[in-house]
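Could you build the full structure based on these sequences and the hints that come with them?
Protein chains in written order, with the numbering used here: chain A, 1 to 781; chain B, 1 to 184; chain C, 1 to 75; chain D, 1 to 295.
Among the clues, some could well be false.
Unchecked claim - Below, simulated EDC-like cross-link-like pairs (lysine to aspartate or glutamate); rule was C-alpha separation at most 16 Å, straight line:
#1 B/K2 with D/E9
#2 D/K243 with D/E213
#3 C/K29 with A/D162
#4 C/K29 with A/D443
#5 C/K56 with A/E161
#6 A/K758 with D/D271
#7 D/K194 with B/E124
#8 D/K282 with A/E161
Bear in mind the hints are in silico, worked out from the structure with no lab data behind them. Because the structure is a prediction, the values reported are computed rather than measured.
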Amino acid sequence: MGADGEVREGGIMTEYSIIGKPTPNVDGPAKVTGEAAYTIDMTLPNMLYGKLLRSPYPHAKILSIDTSKAEEFPGVKIVITGKDTPGGKWGLWRRFRELADQQALATDKVRFIGDPVAAVAATTEEIAEKALDLIEVEYEPLPGVFDPIEAIKDDAPMVHEDFPSNINATRHIEWGNVDEGFAQADYVREDRYVLEAAHPCAMEVHNTLASYDKGTGRLTVWTSTGSPYFVQQNLAEALKMREGDVRVIKPHVGGHYGGKNSTMPDCVNAAILSMKTGRPVKIVFNRDEEFTTTEHRTAQHIALKLGLKKDGTIVAFEAKAITNGGAFTGLGATTLFLTGTFITMPYRIPNYRYDGVRTYTNIVWGTSIRGFGAVPSKYCAETQLDRAAKDLGIDPLEIRRINAVAPGYEAPGQYKFESCGIQPCIEKMAVRVKEKWPKLEKDEGIGYCGFAYMSGGIFNWIDTPYAYSSAHVKVNFDGTVDLYSQAADVGQGHNTVAAMICAEELGIGIEDIRLHMGDTAHAYTDLGAWGSRETLMNGNAIKDAAGQIKQKLIDIARLKLGENIAYDLVAKNKRVYLELRPERGLSYYDLVKDAIRANDGVPLTGTGHYTPHNKGMISPAYGMGIMAIKAKVDRETGHVDAQDVLVVHDSGQIINPLGARGQVEGSIHMGLGYGLCEEMPMDQGMLLNPEFVDYKILRTRDMPQIEILDVPTYEPNGPFGAKEAAEATIAPAAPALANAVYQAVGAEFFSNVLKPEKVLKAIKEKEQKDKATPKAKGKGK
Amino acid sequence: MKRELNIVVNGESYNFFIEPKTLLVQVIREMLGMKGTHQACDSSSCAACTVIVDGKAVKSCSILALQVNGKEVTTIEGLADGTNLHPIQQAFIDNWAFQCGFCTSGQIMAAKAFLDENPDPTREEIQMQMDGHICRCTGHNMINEAIRDAAKRLQARDAAKRLPAQKSLQSQKWAQTAKSGKGA
Amino acid sequence: MANYRCPMCRKICSAHLDLARHYLGQTDKKHKEWLKTQGLSYATLIKAQVTEFGNKGYQALADVLKKTATEVEEG
Amino acid sequence: MKTITTDFEYLAAATIEEALDLLSQHKDDEYRIIAGGQSLNTAMKHRLIAPEYIIDIKGLSDLDYIKFNEKEGLKIGALATHRSLERSPIVREKYSVLCEMEENVASVETRNWGTVVGDLCNADPAADPAPPLIALDAKLKIASKGEKRTVDAEKFAVDFFDTTVQPGEMATEIQIPVLPPNTGVYFTKYSQMKGDYALASVAVLITLDKKKEICSNARIGLAGVGSTPIRAKKAEEVLKGKKITEALLAEAAEVVKTEISPVSGIEGSADYKRELAGTLLKRVGKEALQRAQKA
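Right under this line is the structure:
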């Protein structure tokens with residue numbers, strides 16, 4: 001990737017010594033030798049194994065549970081049901097009490113197939129598994145609701161008693177004058193979409209090891225999570241304990257992708273079983289439990305109305321979303337909110353209206369999966385834009401250029417783009433596409449999709465209105481640095497980014513940094529890894545903390561150098577020196593020793609913090625760009641071959657080009673899966689493909705090569721000008737692919753997942769339509 | 001009824017009495033405590049659990065341990081030479097060929113068995129070899145590049161020292177007992 | 001200019017449509033119950049708002065609020 | 001993660017005689033033969049089956065062979081793995097279609113441990129080996145204590161995951177005759193993800209007369225489009241005795257659609273699979289014809 005460490009900062013060219021340099025993963029040696037310990041690899045002496053008994057019904061009253069036979073089974077230490085739990089309800093929207101709707105074990109009724117009703121702890125996993133068969137539960141099945149539109153009827157079955165018509169959350173966004181906007185439009189079209197659910201499929205399933213200390217009454221939990229902070233807060237609520245008595249440790253995490261934000265029943269029940277038995281308890285989900293009972297990308301209905309001028313300028317846009325929320329809230333309400341925002345990016349939309357509703361239904365619930373809010377919504381908006389462009393005879397890349405925003409663009413009351421490279425991205429794309437794909441074969445097409453995504457959401461629902469991050473840096477006598485933060489490396493490479501930012505700010509090397517991340521006991525609070533927030537938010541906190549120490553070193557250096565003029569001093573290459581006279585300076589190590597001696601031996605410390613204020617409703621900064629995919633369609637089988645991908649990306653100042661490329665490659669892989677093969681077909685709430693045999697994921701032979709070009713900008717809100725590089729590029733993959741198929745054979749799609757049968761059907765429909773009417777639809781005025 | 005298992009793992013010979021239903025991965029993870037070999041599915045679909053048995057990459061989650069009686073197993077823990085990483089491991093680090101790292105052991109072991117028989121593979125040949133592996137993070141391309149890079153490193157290394165690989169006497173002995181049948 | 005107060009809480013808006021938007025954004029029982037007394041259904045209003053283009057749900061409630069919302073002098 | 005929770009008695013055979021003895025002893029018991037066992041173990045993990053006895057034949061090194069001679073053709077022993085078939089130079093030379101088929105069977109890891117005969121015995125109706133074996137007029141040798149019989153490849157599977165192999169019997173060998181001159185064979189499967197289970201797969205063998213104009217013999221095998229692999233005899237008749245053209249292949253494609261009975265699933269509807277089989281037949285037939293002309 002292009003960034004070379006040179007970036008314009010307030011008009012001055014700054015040469016970084018670490019930022020922008022390809023840097024191997026600091027966790028590399030542990031991960032390639034198998035020494036990296038994931039929660040699933042951990043055991044404790046005298047440990048028990050827990051298993052959960054789950055509901056076979058999507059919606060049913062629990063009449064009775066008889067656990068006696070299971071309790072008598074040799075090796076079983078305890079069996080618990082809902083009445084044995086502390087009974088605290090929890091959720092990530094804690095400030096909205098009624099949305100804290102999760103519970104350890106179902107008490108009155110079950111709300112989806114897989115809702116846990118009892119938990120067993122036994123000496124082996126096999127005994128625990130067998131004991132489940134001996135628990136007798138009597139259910140009274142209730143009518144279930146599975147479709148979100150059915151769910152909001154007056155007489156629909158209620159998933160939660162306090163929510164008539166199953167309305168879990170609503171969202172309205174409006175700016176400009178939408179009705180006037182449409183009145184001015186030369187061209188208006190309406191399209192209705194149905195989007196499929198998809199599962200994050202982390203390779204490490206949800207699993208937890210909980211150990212309760214009888215003496216102190218405190219709990220320690222190791223769990224595979226994206227946010228030790230969320231888990232600590234939620235566990236305390238679920239167990240009715242003080243947060244400070246719950247220590248959450250995040251070991252290496254085998255994949256997150258948004259599916260490991262919520263605190264799940266593995267975590268809470270392992271804790272309860274440990275508290276009741278006084279022994280460590282481990283619960284590991286099977287893969288089918290992972291598929292059927294953990295959070296996924298929400299299925300939804302989206303309706304769009306688009307108004308354009310003849311020249312392709314957008315004058316009005318209206319979006320409606322109804323999401324199939326499932327049994328609980330998770331971060332699903334946030335997804336609903338963000339859908340209404342990301343669907344507009346990165347385009348100038350003078351008049352806009354959005355309405356969304358998230359419904360409770362009797363299926364496992366949807367949440368904040370990678371690119372949340374953007375993935376389904378961009379699929380609809382960008383495929384609709386291509387149809388409009390075709391009707392108006394405008395080139396699909398050109399219509400995106402015409403409407404792309406400029407730096408400083410503000411969506412009234414919603415969001416503002418400070419750094420913004422979308423226009424140069426599109427220009428670069430236009431040039432590169434001509435070189436890369438000079439001519440197309442028969443049934444080949446190129447599809448485009450513009451995109452933008454947040455660099456961390458500014459919102460928080462636990463105990464502050466705004467998201468925040470903090471970090472603590474301690475410099476020892478020998479110059480080594482201990483960095484403490486709860487920021488979560490879940491594979492995205494944040495540990496490496498954190499070390500790079502800390503080292504750059506102090507002017508030292510990565511080898512000087514010791515990381516102490518993701519442990520609530522000693523690491524300073526960070527909300528965790530979601531919404532591409534760690535680089536910007538945690539990065540700012542680390543830079544702040546390290547900066548405080550750098551200033552101390554500079555002050556001491558200034559005194560020791562005794563210059564008669566107050567030259568600027570910089571910390572770089574393990575020295576502190578005069579910026580304009582680099583030969584005049586002092587060693588970082590000597591300065592640290594002096595500072596600590598002068599401080600009675602107390603190490604140098606800095607505690608940094610970041611929280612965004614007055615940055616709109618969404619995020620302080622946005623990564624953005626444009627993607628092109630070249631695809632070939634087999635008209636006889638309906639097979640779509642994603643042949644080649646080109647993406648031009650503005651990620652501000654890239655911190656680690658190696659990691660940034662990894663994020664883009666991985667996002668596109670998951671995005672293509674959303675567009676081609678990943679789906680969660682259900683029958684009356686029963687998932688039909690709960691194993692990798694039937695849930696299709698792109699393998700290496702299915703992956704096209706990906707060319708990534710950068711348009712570096714400087715983001716004033718980010719550390720060293722950095723911003724999002726992780727999630728933006730997942731959303732454009734599926735729509736760019738669908739647009740490529742549309743360009744190749746004219747087939748139109750109003751849902752994702754271009755399975756061959758669907759594509760073949762769409763091709764046939766197109767051929768019928770061409771016979772019937774030569775003119776394309778969309779009513780011009 | 002428990003049965004005897006004689007197995008050589010990473011050059012060390014072990015002797016266990018196990019339930020016949022025990023899978024190879026259970027011997028590796030639970031009995032030997034080698035946690036570098038991971039499991040990510042229950043349907044023999046993901047290859048995260050790949051280890052090398054008598055030179056061939058296999059899925060340890062789908063094989064009865066007794067069927068490996070007398071054979072030589074190499075896991076990720078057996079790849080590095082003391083504190084020196086194997087060239088494939090180093091190539092995975094230098095090419096950012098993993099993110100969460102959970103499927104990495106299986107990927108590296110499959111790459112090892114592959115490069116032993118095809119020291120100079122093309123992108124397409126690597127894709128054919130590695131197609132059984134699910135990776136949810138990397139999108140596969142950077143893994144493919146790491147394997148090509150590793151091939152170059154290995155060629156350079158082997159050019160330096162030309163010595164045929166010596167099978168340990170121990171493993172030859174177990175191989176004999178295996179041929180004599182009965183699987184125990 | 002005239003302002004209008006929400007019949008269920010202290011919220012004041014300068015237009016009935018804005019008041020309706022506020023009203024349907026409230027998740028508490030109290031607001032939902034009052035709709036029934038007006039012969040309206042929360043679900044039906046939300047459904048109209050999210051399934052049809054335009055502000056159909058808000059407008060329906062605004063028309064009722066025109067008759068019921070008390071006018072206040074200062075906002 | 002799931003493990004095998006059912007306890008079974010493990011019986012390992014080292015020779016074919018030992019294996020057949022064990023089979024006759026236990027013919028009335030709930031047993032399963034295990035070679036590679038990758039499908040069997042997965043089925044046990046999911047508690048789909050719970051055998052009392054597992055008879056392990058993986059140690060039968062005397063059945064681990066791939067042999068060819070110009071009279072009897074190719075013989076594949078019960079313990080020959082997918083990978084050894086894929087990598088066999090003689091097979092690559094004489095029956096390249098089998099190597100091409102193997103390259104897309106599951107994954108290398110699975111092919112390294114799994115046997116071709118074991119795959120046939122698992123009788124997954126979408127599995128790859130059957131169609132080319134049907135097209136090649138292969139037979140399976142089935143042995144029991146003191147008895148032997150052979151069965152045509154297309155008659156080996158009798159239903160979903162069920163074969164003609166009876167209690168006390170085991171399949172010991174695949175026999176493939178020498179290909180006549182002017183013969184071309186080709187196989188293709190379609191799955192959206194490469195190397196996945198086939199939505200439909202088709203193998204076609206075409207033998208041309210001396211002048212390489214008329215089709216003197218044709219054999220067509222399909223999988224994924226019924227409860228077992230299928231031989232499409234009616235479609236074969238369309239091709240036999242005629243000059244093969246695109247039109248004739250199209251005609252055969254229409255006929256083959258009437259000979260199969262695909263089942264709808266989340267991967268695709270029966271109608272789609274029927275369409276697909278026709279499309280594949282046209283493509284595979286064309287390639288087989290070209291190979292016959294070059295042969």
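Do the hints match the structure? See the list:
1. B/K2 with D/E9: holds, 9 Å
2. D/K243 with D/E213: Since the Cα atoms of D/K243 and D/E213 sit roughly 6 Å apart, the hinted pair holds (cutoff 16 Å).
3. C/K29 with A/D162: Holds, at about 8 Å.
4. C/K29 with A/D443: violated, 57 Å
5. C/K56 with A/E161: violated, 27 Å
6. A/K758 with D/D271: holds, 12 Å
7. D/K194 with B/E124: Measuring from Cα to Cα gives roughly 13 Å; hence the hint holds.
8. D/K282 with A/E161: Between D/K282 and A/E161 the Cα gap is close to 59 Å, so the pair fails against 16 Å, i.e. violated.
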